[in-house]
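Undergrad: Sequence:
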Amino acid sequence: MLGVFGCLVALGWLGSTAFMFVEILSRGGGAREYGVAVFLAFVGLIVVLFYIILFRICAEASLVFFQIHNNVRDIRELMEEKSGVID
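Heads up, the sequence shown is in my numbering, so the first residue is 1 and it goes up one at a time.
Where hints are given, some of them may not hold.
[To be verified] Pair by pair, the computed Cβ-Cβ distance ranges are: (1) L14 / Q67: 30 to 36 Å; (2) L14 / D74: 42 to 48 Å; (3) N71 / V22: 51 to 57 Å; (4) I75 / L14: 18 to 24 Å; (5) L54 / V22: 28 to 34 Å; (6) E81 / F42: 56 to 62 Å; (7) L49 / R27: 14 to 20 Å; (8) S83 / S62: 20 to 26 Å; (9) L8 / N70: 27 to 33 Å; (10) M79 / C58: 51 to 57 Å; (11) G12 / V38: 37 to 43 Å; (12) D74 / V38: 50 to 56 Å; (13) Y51 / R73: 31 to 37 Å; (14) G12 / C58: 14 to 20 Å.
Source of the hints: derived by calculation from the structure; they are not laboratory data.
Even glycine gets a Cβ: it sits at the ideal position worked out from N, Cα and C.
Make a model of the complete structure from these sequences and hints.
TA: And the structure:
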């Protein structure tokens with residue numbers, strides 16, 4: 001599951017890769033230029049996958065943070081009901 005940001009990053013990679021190959025095709029590039037383009041597209045794909053993993057880690061961390069915040073709030077409310085006011 002990529003999410004919105006992951007899809008946008010992947011779409012950007014796809015667009016830049018397509019632009020690179022169309023540019024080489026319009027200039028009549030040789031095999032060496034296509035090889036460099038394939039290598040750059042592969043490196044770009046690896047970078048995109050790292051970004052997607054980073055987005056997922058950040059999303060999970062924020063979900064855990066807010067879940068802990070809600071749990072602490074519930075515990076404080078429960079302790080207030082049992083013993084009165086708590087700092």
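Undergrad: With 27 to 33 Å as the target window, see if L8 and N70 comply at their CB atoms.
TA: 29 Å, holds
Undergrad: Y51 and R73, beta-carbon distance inside 31 to 37 Å?
TA: 33 Å, holds
Undergrad: If I claimed the Cβ atoms of L49 and R27 lie 14 to 20 Å apart, would that claim hold in this structure?
TA: Given about 29 Å between the Cβ atoms, the range is violated.
Undergrad: Could you say whether the range 18 to 24 Å given as a hint is met by the Cβ separation of I75 and L14?
TA: Violated: the Cβ-Cβ distance is about 47 Å, outside 18 to 24 Å.
Undergrad: Could you check the hint for me, namely that N71 and V22 are 51 to 57 Å apart, CB to CB?
TA: 53 Å, holds
Undergrad: Starting from the hint 20 to 26 Å, judge whether the C-beta atoms of S83 and S62 obey it.
TA: 32 Å, violated
Undergrad: Starting from the range 50 to 56 Å, see whether the pair D74 and V38 falls in it by beta-carbon distance.
TA: 54 Å, holds
Undergrad: Is the distance from the Cβ of L54 to the Cβ of V22 consistent with 28 to 34 Å?
TA: Hint holds: Cβ distance 29 Å, inside 28 to 34 Å.
Undergrad: Just to be sure I understand the hint, the distance between the Cβ atoms of L14 and D74 should be within 42 to 48 Å; is that true here?
TA: The hint (42 to 48 Å, Cβ to Cβ) holds, given that L14 and D74 are roughly 44 Å apart.
Undergrad: Could you see if the CB distance from G12 to V38 stays within 37 to 43 Å?
TA: 18 Å, violated
Undergrad: Given a hinted range of 56 to 62 Å, is it respected by the beta-carbon distance of E81 and F42?
TA: 59 Å, holds
Undergrad: Falls inside 51 to 57 Å, the C-beta gap from M79 to C58?
TA: Violated, at about 32 Å.
In summary, the numbered hints that this structure violates are 4, 7, 8, 10, 11.
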